[in-house]
Amino acid sequence: METIAMPAINFAAIMPETILSVIAMALLLINVFVPSEQKAYLGYLSLIGIVVTFFTVIGGWGTPQEGFNGSVMQDNFALFFKGIFLVSAALSILISDQYMKREECNHGELYPLILLATCGMMLMASGTDLMTIFLGLELLSVSLYVLAGFQRDSLKSNEAGLKYFLLGAFSTGFLLYGMALIYGATGTTRIAAIASYVAQNSLAGSNLMLLIGMVLMAVGFSFKIAAAPFHMWTPDVYEGAPTPMTAFMSVGPKAAGFAAFVRVFVIALPTLRADWADLLWVLAVLTMTVGNITALYQKNIKRMLAYSSIAHAGYVLVGFVAGNAVGTAGIMFYMLSYAFMNIGAFAIIVLVGKKGEPNNNVEDYAGFGFKHPLLAVCMSIFLFSLAGIPPAAGFIGKFYLFSGAIQAGYIWLAIIGVLNSAASVYYYLRVMVFMYMKDPVEEFDWLKVSPAIALCLIIAVAGVLIPGIVPGYLLELAQKAVLL
Amino acid sequence: MFDNVWLIPLFPLIGFLINGLFGKAIKEEKVIGGIGALMVFCSFVVASMTLFKMISLPGHERVHNVTLFTWIKSGTFQADIAFLIDPLSCVMLMVVTGVGFLIHVYSIGYMHGEEGFYRFFAYLNLFTFSMLLLVMGNNLLLMFVGWEGVGLCSYLLIGYYFHKKSAGDAGKKAFVMNRVGDFGFLLGLFTLYWYMGSKHGIWTIQFTELAKHAELYPVGGVVTALTLFFFLGATGKSAQIPLYTWLPDAMEGPTPVSALIHAATMVTAGVYMIGRMNFLFIKAPETMMVVAIIGAATALFAATIGTAQNDIKRVLAYSTVSQLGYMFLAMGVGAFAAGIFHLMTHAFFKACLFLGSGAVIHSMHHALHHAHSHDDPQDMRNMGGLKSKMPMTFLTFLLATIAIAGIPGFAGFFSKDEILWQAFANPHHGTLNFALWGCGAIAAGLTAFYMFRLVFMTFFGDCRINPKCKDHLHESPMVIVFPLIVLAFLSVVGGYIGMPKIIGELLGGIPNYFEHFLAPVFEFSEEYVKSQAHATAHHSLVLEWGLMGVSVVIALVGISIAFVLYIASPSLPAKFTAAFPALHRAVYNKWYIDELYDFLFVNPCKALGNFLWKGFDVVVVDGIVDGVGKSVLGISAALKNLQSGYVHNYALSMALGVVVIIAFYLFR
Amino acid sequence: MLESLFFLIVAAVAVLSGILVITCKNPINSALSLILTFFCVATFYVMLEAPFMAAVQVIVYAGAIMVLIVFVIMLLNIKTETDKRTSHAVLISSIIGLFVLFETIYFLNRSSLTGSKGLMDSAMIKSVGHTEIIGKALFTDFLLPFEITSLLLLVAIVGAVVVSKRKI
Amino acid sequence: MVSLHSYLILSAILFSIGTIGVLTRRNAIVIFMCVELMLNAVNLTFVAFSRYLGNVDGQIFVFFVMTVAACEAAVGLALMIAFFKNKESIDVEDVNLLKW
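Residue numbers (the numbering used here), protein chains in the order written: chain A, 1 to 484; chain B, 1 to 668; chain C, 1 to 168; chain D, 1 to 100.
Source of the hints: derived by calculation from the structure; they are not laboratory data.
Below 25 Å or equal to it, Euclidean Cα-Cα: the simulated PhoX-like pairs (lysine-lysine) are:
1. K438(A) <-> K173(B)
2. K156(A) <-> K101(A)
3. K165(C) <-> K39(A)
4. K530(B) <-> K501(B)
5. K299(A) <-> K630(B)
6. K468(B) <-> K389(B)
7. K156(A) <-> K85(D)
8. K39(A) <-> K354(A)
9. K165(C) <-> K87(D)
10. K355(A) <-> K99(D)
11. K87(D) <-> K156(A)
12. K101(A) <-> K165(C)
13. K530(B) <-> K212(B)
14. K165(C) <-> K156(A)
15. K101(A) <-> K85(D)
16. K630(B) <-> K99(D)
17. K165(B) <-> K299(A)
18. K164(B) <-> K438(A)
Heads up, incomplete: computed chain A residues facing chain B, CB under 7 Å, no partners named:
19. L211
20. T294
21. L296
22. A414
23. A422
Beta carbons: idealized from backbone N, C-alpha and C, even for Gly.
The whole structure should be built from the sequences, with the hints applied where relevant.
Structural data, given as C-alpha cells:
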C-alpha cells in the first residue's frame with residue numbers, strides 16, 4: 001500500500017487561526033467547571049487568547065506565508081484584516097459579560113463561539129482557494145446564526161437567529177452556484193490558478209459561464225456585507241440579536257466579507273474588472289442610498305445603526321469599485337475605524353439599556369448628556385465619526401475611499417457618496433439632539449459602567465480619535481497591505 | 001522664520017481642554033472666563049508678533065509654509081498639518097484673535113450666572129481653535145477640518161439655550177444647511193484634486209502649490225464647475241442666497257456668539273476661502289459673475305428685509321447677511337483686497353453693534369425681570385430713550401452705526417466705497433457693472449436707513465418700556481463696556497489703513513497700506529487681469545469722485561428718512577400745533593408728506609421686506625428645504641415599509657436582485 | 001442510447017419529486033419526496049463514475065440530514081400548513097423562479113466547458129479506484145479545508161446545544 | 001455517455017425548483033429542505049463538471065458542501081426548535097416581530 005505524501009504544512013500561515021481554535025476548544029472544556037456567575041473569567045481567558053493571537057499577527061507582518069499547497073496565504077492583506085477581526089472580537093467580548101448577566105443569559109459557550117467565528121473570518125481573509133473561503137464563510141455564518149439566537153428565551157433573539165439562518169442558507173446556494181460555474185469555466189478552485197488560466201486562455205468577456213459565476217459570487221458576498229438589495233436581513237437581525245453580538249456582527253463579518261470579496265475579485269478575476277466594476281458601482285449607490293434614507297425614519301437606535309451599517313457598506317464599496325491602491329487601503333482603514341466607532345456606539349447602547357432593552361429608542365436618550373456627560377461625549381465622538389465629521393477617523397477613512405474613487409475617475413460615485421454622507425448627518429445628529437437638547441426624562445440611575453466596558457470605551461475612543469488626528473501610521477500600514 | 005505660529009491655535013485648544021474637562025469642577029466663573037480670555041489673548045499676542053514680523057519683510061518674502069508634521073500620506077497624496085502664513089492669513093489672524101479676545105472678555109460679563117458657564121467658554125475656545133485652523137491651514141483638507149469644526153461649534157452654541165425649542169431647531173437648521181455647503185466644498189476639493197492630478201500629474205491640495213501652477217488652469221470649463229462647487233460651500237457658510245435663512249434663526253444663540261461667530265468671523269470664512277483661491281476664481285469668469293450677482297442680490301435683498309424687522313438682533317442679522325453680500329460682490333468683481341478690507345472693518349463695527357445690542361438686551365432683560373414683565377427684551381418697540389440710561393453703550397453703538405452707514409471718515413465708508421467703485425469700474429462684467437453698482441448703492445441707502453431706524457427706535461424718543469422697569473435700566477459693567485469702546489474706536493479709525501487711492505492722493509500721497517500689504521496674495525490675479533487686453537478701460541477721477549458723492553448722498557438720504565420717520569414726525573406735529581395754531585394746516589401737510597413718504601417709499605419697502613421675509617424666506621426657501629426633507633422622509637417611510645419583517649419578502653428581493661443582475665449581464 | 005433513456009427517466013423522477021417537495025401540504029411528504037430526489041442525485045453520481053460521492057450522498061444526505069429533519073418534524077408535531085401563501089405571492093415567486101431557470105438555461109446554452117482538463121478519465125477511475133482518488137486529494141491538496149470542517153462540526157454541535165437546551 | 005449539458009440543465013431545473021420553494025413555502029423546515037434541494041443541484045453541477053473536466057476538485061467541493069449542509073441542518077433545526085418553544089409555530093409568517 002502506497003503512502004500518501006503529506007503536503008507541506010506551513011503552520012506559520014495559519015498560526016492565528018490555530019491559536020484561536022485551540023483556545024476555543026480549551027474554553028469549551030473549562031466551561032464545564034466554571035459556575036454560571038463566574039463565566040466572565042472565560043471572557044478574560046479568551047481576551048488573553050486574542051491578545052496572544054494579536055501578537056502573532058504583528059509578528060507575521062511583512063513575511064507572507066503560503067501553506068497547504070496554496071489553500072491559504074497569510075500576506076499583509078490578510079494580516080491587516082485579521083487585526084480588524086481581533087479588535088472587533090475583543091471589543092465585543094468586553095461588552096458581553098455585563099449584557100449577558102443582565103439578560104440572564106451568560107452561558108460560557110458564548111466566548112468559544114466568538115473565537116471560532118473570528119477563526120472563520122480569518123480563513124476568509126487569508127484563504128486563496130474557493131473552498132477555504134467557502135468553509136471560512138460557513139464557519140463564520142454558522143457561529144453567527146447561533147450568536148444571533150443566543151438568548152434562547154427571547155423571542156426576538158430566536159427570530160433574529162432563524163431569519164438570519166434561512167436567508168443565509170438561501171444566499172449560500174447562490175454563492176455556491178457561482179463557485180461551481182467558476183470551477184466549470186476554469187477547472188480549478190485555486191484563486192491564483194483561476195487568474196492565470198483566465199489570462200492564458202483569454203476567457204474574459206465572452207465567456208458567459210465565467211461571467212455568471214462572477215455575478216453569483218458577488219451576490220453571495222453582497223449578502224454577507226449587507227449590500228442592497230441583499231441587505232434586508234440586516235435591520236431585523238441586528239435588532240433582535242443580543243446587543244454585543246450585534247456589535248460583533250456589524251463589523252467583523254462585514255470586514256471578512258470585504259476581505260474575501262476583494263481577494264477573489266481582484267486576484268482571481270482582474271480581467272473581468274470592467275464587468276464587475278459596473279455591478280459594484282450600482283450596488284454601491286443603491287446600498288448607500290437605501291441605507292441612509294431608511295435610517296432617517298428609524299426610532300430604534302439599534303435599527304438605525306443597522307441601516308447605517310448598510311450605508312457604510314456602500315461607502316466601502318466605493319473604495320472597492322475604485323480598485324486602486326488608495327481605494328483598497330481606504331477599505332482597510334475604514335473597516336478598522338468602523339470597528340472602533342460602531343462597537344463603541346453599541347457599548348453605550350448596552351450601558352443605557354435595561355433588562356430586555358425596552359428603552360432602545362432615540363427618545364430614551366433624552367437628557368443623557370446631562371446625567372452622564374462623559375458617556376455622552378463618547379457617544380458623540382462615535383456618532384461624529386460615523387457621520388464622517390473631522391477630526392474623527394471616520395472622516396479620514398471616507399476621504400480616502402472617495403479620493404480613491406476620484407483618482408480612478410469615478411467622480412459621480414464620489415459625489416453620490418459625499419451627498420449621502422451629508423444626508424446621514426441628520427439621523428446621527430438626532431441622537432445628539434436628544435442627548436444634549438432635551439430635558440432628561442429618566443434618571444439613568446440603573447446605569448453602571450463595569451471595568452470591562454470602560455476599557456472598551458477607552459480603546460474605542462482612542463481608536464477613533466488617534467487615527468483621526470494622526471492617521472499617517474495606520475494609513476501606511478494599510479498601504480503596505482494592499483493586494484495590488 | 002515663523003516657527004512659533006503653532007502656538008496661535010494651541011492656546012485656545014488648551015483653553016478648551018481645561019474648561020471642557022475641568023470647568024465643571026472649577027465652578028468659579030472668573031477663573032473659567034479668565035482662562036478662556038487669557039488663552040485667546042496669548043494667541044493674539046503671538047499673532048501680533050507674527051504680523052509685525054511680516055510687515056518688516058519685503059513683499060516677495062511674505063508667503064511661508066510652516067509644517068508641523070505629515071498628516072496623511074499615501075503615494076501621490078499628501079496632506080500636512082501645516083500652516084500657511086502670509087498677509088491674508090495674518091489679517092484674518094488679527095481679526096479672529098483680536099475681536100475674539102474682546103468678545104471673550106465681554107462674555108465674562110454677559111454670561112454671568114448662566115447655567116453651563118464653563119460649557120460656553122469651552123465651546124467658544126473650541127470655536128476659536130477651529131477658526132484659526134481654518135484660517136491658517138495650508139491645504140484644503142486642513143481648511144475643511146476647521147470649516148467643519150466651526151460649523152459644529154456654531155451648532156453647539158446656537159443651541160446653547162437648549163430649553164428653548166426654537167434654539168435647538170435653529171441649531172439643527174444651521175448645521176444641516178452648512179452641511180449642504182460643506183458638500184459643495186468637498187466636491188470642489190475632489191474635483192480640483194482629480195483634475196490637477198489626472199491632467200497635469202500634480203496631486204496636491206496645498207494652496208501654495210496650487211497657486212504656483214495657476215497658469216495651468218484653463219479659463220472656464222472644469223474650473224468654472226469646481227469654483228462653483230467651492231462657491232456653494234461659501235454660500236452655506238457665509239449665509240448667501242439661497243442658503244442664508246439659517247443665519248437670522250441663529251440669533252437664538254447668546255449674543256456674544258452672534259457677535260463672534262455670526263458676524264465677525266465664521267460667516268466670513270466663505271469670503272476668506274474665495275480670497276485664498278483667487279487664482280482659481282479669476283480664471284472662471286462665469287463663476288465670478290455668479291458670485292458678483294449673488295453678492296449684490298443678497299446685499300440688496302437682505303437690506304430690504306432688514307427694514308421690516310422689529311427684533312433688534314434680527315435687524316443686525318439681516319444686516320450681516322447684507323454686508324456679507326458686499327464682500328462677495330467685491331470678490332465677484334475681482335476686488336479681492338477690498339473684500340477682505342470690508343471683512344475686517346465689518347468685523348469691527350458689526351461686532352460692536354452686536355455687543356452693544358447685547359448690552360441693551362442684557363439691561364432690558366434684567367429690568368423686565370425685576371418688574372416681572374413678560375415683554376420681549378429684544379423687541380425695539382419696547383425700547384426707546386435709552387440714550388440717557390446707557391450713555392456709553394449709546395455712544396459706541398452710534399459710532400459703529402455711522403461706520404456701517406458709510407459716512408465719510410469712518411471705517412465702513414472706506415471699505416464700502418472701494419467695493420462700490422470697483423463694482424462700477426471693474427473690467428470683468430461689462431454692462432452688468434452698472435446694475436451691480438446700483439444694487440450696492442441702493443443697499444447702502446437701505447442700510448443707512450434701517451441702522452438709524454434701529455438707533456432711533458432704541459436710544460431716542462420716548463421710553464416705551466414698561467414704566468415699572470424704567471428705574472432698573474442702567475449701564476452695563478465695565479467688563480462689557482470696555483470691549484465696546486475698543487471696537488468703536490476701531491470702527492472709527494480702522495479704515496485709515498486702507499484709504500482709496502484718490503483720497504490718499506488728496507491728503508498728500510498716503511498709500512493704501514492694506515492693499516499693498518495683501519498684494520503678494522493676489523499678485524497672480526492682478527497680473528492675469530492686466531494681461532487680458534480689454535482690461536485697460538480707464539475711468540476719470542471725476543467719475544470716481546462723483547460716484548463717491550452719490551453713495552454718500554444716498555446714505556444721508558437713508559439717514560434723513562429714518563430721522564424724519566422715527567424722530568421728527570412724532571414730536572413735530574405737537575410742537576407746531578401748540579406754538580403756531582395758524583400753521584396747523586402746514587403741519588397737516590407735513591403729515592401728508594410723511595404719509596406720502598410712507599406710501600411711496602416706506603410702505604412698499606416694508607411690504608416688500610415683509611413679503612420677502614414671510615413669503616420668500618419662510619415659504620419658498622424653507623419650503624424647498626423642508627420639501628426636500630419631507631419627500632426624502634416619505635421615501636424613507638416607503639422603504640421602511642418594504643422592510644416588512646417577512647422572510648419571504650427578503651428572499652424575494654434577493655432573488656429579484658439576482659434575476660435582474662443576471663439579465664443585465666446576459667442581454668446587455 | 002440506453003444510458004440516455006435511463007438518464008431521462010431518473011431525471012424526470014428527480015424533477016417530479018422536486019416539484020412534490022414544494023407542493024406537498026404535509027411537510028413529511030415533502031421530506032420523503034426530497035429523499036427521493038436525493039436518491040436520484042445519487043444515481044447520477046454513479047452514472048458520472050463517482051461511486052464514493054453517491055455513497056456519501058445516500059449516507060449523509062438521505063441518511064443523516066433527512067432523518068434529522070423528519071425527526072424534528074415529528075418532534076414538533078406539525079402536520080399540514082394551515083393556509084398557503086396568497087396566490088399572487090405564489091405567482092410572483094414562481095415567475096421569479098422561472099426567470100432564474102430561464103436565465104440559467106439561456107446562458108448554459110451559450111457556453112461550453114472551458115476549464116483545464118485533468119487526468120481523471122474512466123480508465124484511471126477504474127484502475128486506481130474512486131475512493132482512493134478522493135482520499136488522496138482530500139488529504140493532500142485539500143487538507144486545510146478538511147481541517148476546517150472539524151471546526152465547523154464543533155460549532156454546529158455546540159451551537160445546537162446552546163440554542164435548544166432548556167436549562168444548563 | 002450523457003452529455004454534460006443535460007446534467008447542467010437538470011441541475012438548473014432543480015435549483016429553480018428549490019428557489020421557488022424557498023419563496024413560496026411557509027413552513028421554515030420546508031424552506032430549509034428547499035435550500036437543501038438547491039445545494040444538491042449545485043452539487044450535481046460540481047460533480048458533472050468534475051467528471052467532464054477529469055479533475056477531482058469539484059467532487060471534493062461537494063464533499064465539503066455536504067458537511068456544511070449537515071452543520072446548517074443541526075444549527076438551523078435547533079433554532080427552529082427554540083423558536084417553536086416560544087411561539088408554538090414554525091410558520092415564517094409568524095416570524096415577523098422584527099420589522100420596519
